[in-house]
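Chemist: Take a look at the letters that make up each chain.
There are 2 protein chains.
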Amino acid sequence: MPAFQLRKLAVFGVGLIGGSFASALKQAGAVQTVCGIGRSRSNLERAAELGVIDEIASDVQSAMTGADLVLLAVPVAQTDRVLREIAPHLPPDCVVTDAGSTKQDVATAAQLALGAKLPQFVPAHPIAGAELSGVEASSPTLFRGKLVVLTPLQGTAPDACGRVESAWQTCGARVMRMTPKRHDEVFAAVSHLPHALAFALVEMLAKRPDAQELFSFAGAGFRDFTRIAGSSPEMWRDICLANREALLNDLSAYQTALATLAEHIRSSDASGIEALFRDARTARDRWINGRK
Amino acid sequence: MPAFQLRKLAVFGVGLIGGSFASALKQAGAVQTVCGIGRSRSNLERAAELGVIDEIASDVQSAMTGADLVLLAVPVAQTDRVLREIAPHLPPDCVVTDAGSTKQDVATAAQLALGAKLPQFVPAHPIAGAELSGVEASSPTLFRGKLVVLTPLQGTAPDACGRVESAWQTCGARVMRMTPKRHDEVFAAVSHLPHALAFALVEMLAKRPDAQELFSFAGAGFRDFTRIAGSSPEMWRDICLANREALLNDLSAYQTALATLAEHIRSSDASGIEALFRDARTARDRWINGRK
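Which chain is which? The protein sequence lines are U and F, in order. The opening position of the first sequence corresponds to residue 0 in numbering that gives the first Met the number 0, with each subsequent residue numbered one higher. The opening position of the second sequence corresponds to residue 0 in numbering that gives the first Met the number 0, with each subsequent residue numbered one higher.
Quick caveat, the hints were computed from the structure, so don't treat them as lab data. None of the hints are false.
Repeated chains share a single entry, so a pair holds when one copy, or any two copies, can fit it.
Here are the simulated DMTMM-like pairs of lysine to aspartate or glutamate, each with C-alpha atoms no more than 25 Å apart in a straight line: (1) Lys180 - Glu212; (2) Lys25 - Asp53; (3) Lys145 - Asp223; (4) Lys180 - Asp209; (5) Lys206 - Asp223.
So that you can see chain U by itself, here it is in the shape it has in the complex (with noise of 0.2 Å):
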């Protein structure tokens, strides 16, 4: 039995995230009781039959009763509802979480929502499998070897950041700090720029009137290049809002390389576009090697 023990998990929204989050803590003997609830009473029956977890609550107040660790694993534009929600339910032993891609939304919301109970909030991004969804898809696998970013808040209590991240370590994930501003800048670059990216080029290919044609000639480069092209219009949509002005800073910084590289091509500057492309590779190569 691990050192890390809960009473009483609430999860909101069992999906991939929530369902792999209970799974994990269930597995690790870390819980007694997992409590789900959410908008499709049919998931959670389905969570219940795969013994993802043990009780299904139909209010929040059942939900909350004599919960001491509160996950919420619902949609990004749907976390500002759900802490009003629990707010008046909030045990004072209970630490509540979240797993939003995008944190400085979440932490308005929270100071809004939780007021006094505010130090009561973690607010938490695990970065794992965005491509699969729902708790069919779920494993109490998904986070080992996984990176979680905490972003406290300056109100959140030392002792709740500390239970939030015993519980994701418990899951087998690797646990770091950063303030929600960082981490909504850095994801903004490596994660919400490409999609972004990769979404626009598939559209604008898509509305061209030999799409069917261009389409038929595109290779493993393309698969690989837009795959997250196939992920959550929602989603990405409620992402791209909630970070917009660090989305917007990287988009515009995006336009003005294309340019750079644009004015290379156009004056058939080839050794601008090879220190380009070079430079390019090598910090790529150096990044996967220091991965493996």
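Position chain F against the provided structure of chain U, taking the given hints into account.
Modeler: Just chain F now, with coordinates in the frame of chain U:
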């Protein structure tokens, strides 16, 4: 023994493409002798050791003597020079083909270099394996099920075209024909542009002062999106220059598409963003399902 038979295949540049083409024809029993020629003696010796070629030619004339098929598998920027070198030694019953990723530049070079022998030249582009390189990576199965695009010129002899088609089919490839201009337009959109975009993103991030921190948070989505930025800088420099006009057109269209997306984000146009992302995902899903 297949119906398609060659006495002597001369391969200029025995790397991934040249080596795989030679190996596939040898394995099919479709060629009596394969002669290799190139700038690196040690590479040719390795190719002979591996059984990919039977002979090493020390000069162009001896490589061409008795050859009934010549494959130019050299970097695109060298095609022009090699065409000029082989022109005086090209036997009347011999067909020449290439494997370059751009075709209008090759067409122009061939017209200038071959003159009255132009009917013997069949420009071609096998769509296969750009990430690996060298004869060590070559394989007789590389082209199985892959697409090869032939772009015959106005002056190309129909039976020369048929001979090259048979050779690629003997390697297991599917063969299509299109004009050099259309070829370059299509591959600008589905290959050259994505490569340029991936190189530009990695280079932009790599030169930021916080590059190391950014890369440390990059995940599987970033890895796949940027995989093509691990390609050869020299090869892609040459492709960008060879297909400058079509690529600049598509870069410009993409800049416009990004500006539209940025405007949706700036004005918090949730439905505009979602429609764009949804159209992209729908088109990509349809393409992926059609490939299976």
